[in-house]
Amino acid sequence: ETGVTQSPTHLIKTRGQQVTLRCSSQSGHNTVSWYQQALGQGPQFIFQYYREEENGRGNFPPRFSGLQFPNYSSELNVNALELDDSALYLCASSLGWAGPFDGYTFGSGTRLTVV
Amino acid sequence: QKEVEQDPGPLSVPEGAIVSLNCTYSNSAFQYFMWYRQYSRKGPELLMYTYSSGNKEDGRFTAQVDKSSKYISLFIRDSQPSDSATYLCAMIMMNRDDKIIFGKGTRLHILP
Numbered sequence: 268e269t270g271v272t273q274s275p276t277h278l279i280k281t282r283g284q285q286v287t288l289r290c291s292s293q294s295g296h297n298t299v300s301w302y303q304q305a306l307g308q309g310p311q312f313i314f315q316y317y318r319e320e321e322n323g324r325g326n327f328p329p330r331f332s333g334l335q336f337p338n339y340s341s342e343l344n345v346n347a348l349e350l351d352d353s354a355l356y357l358c359a360s361s362l363g364w365a366g367p368f369d370g371y372t373f374g375s376g377t378r379l380t381v382v
Numbered sequence: 003q004k005e006v007e008q009d010p011g012p013l014s015v016p017e018g019a020i021v022s023l024n025c026t027y028s029n030s031a032f033q034y035f036m037w038y039r040q041y042s043r044k045g046p047e048l049l050m051y052t053y054s055s056g057n058k059e060d061g062r063f064t065a066q067v068d069k070s071s072k073y074i075s076l077f078i079r080d081s082q083p084s085d086s087a088t089y090l091c092a093m094i095m096m097n098r099d100d101k102i103i104f105g106k107g108t109r110l111h112i113l114p
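These protein sequence lines are chains X and D, in that order.
Each residue of the first sequence is one higher than the one before, starting from 268 at the first, in our numbering.
Each residue of the second sequence is one higher than the one before, starting from 3 at the first, in our numbering.
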């Protein structure tokens, strides 16, 4: 069973609204990465947090923002939701950033539907 | 041209067959090559990763990288119905803030 937990599992929002997704990293992990996976596509990197600081960002607009807390859990916030934001949002945790290899663990994701 | 190309399938093969999954890529700066398996309603799980050109074997799985052709493959021997999933190839350059680049994924069905 994965050590990364995401909440909620499913969410339906209206276009223009704001949403917050949550991720509890695996025990001992201090790095969290967020991905967006649209239907029929591979995951796309949104950003990564290491010890509460943003440590890299993909090609996503500023309305996608994040936070990492002292306990290394994390939030992904999306403002002004658009229909194209409908996707599975995945977080992955690791100890430091030594590559997406041993110990790099994905959660099961949050399925966001924007109507 | 996308950085990573992967045929989305679906690919259906009978149980026991050898499965071949493939990806091509355009950026020669990629250093590590990974294969992930993703079951429905689950996150991806890492199957294997390789660094250099050549083959790497783990049980029924073999990963193959040909950097000169920018082509990677995953072979599954003695395929089982439990292997039915989406298989994602992925690559990374391992710079400070670099990100994993995933293919679209290939949906695989193993028919009992």
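A portion of the hints provided could be inaccurate.
Below are the BS3-like pairs computed for lysine-lysine, each with C-alpha atoms no more than 27 Å apart in a straight line [to be verified]: (1) K44/D <-> K280/X; (2) K58/D <-> K4/D; (3) K72/D <-> K106/D; (4) K72/D <-> K58/D; (5) K106/D <-> K280/X.
Residues of chain D placed beyond 10 Å of chain X at every Cβ, according to the derived structure [to be verified]: (6) A31; (7) E47; (8) P83.
Derived by calculation from the structure, the hints in this document are not laboratory data.
Ideal Cβ placement from N, Cα and C applies to all residues, glycine included.
Requested in this report: Provide an ascending list of the numbers of those earlier hints which the structure does not satisfy.
Outcome: Violated: hint 7 alone.
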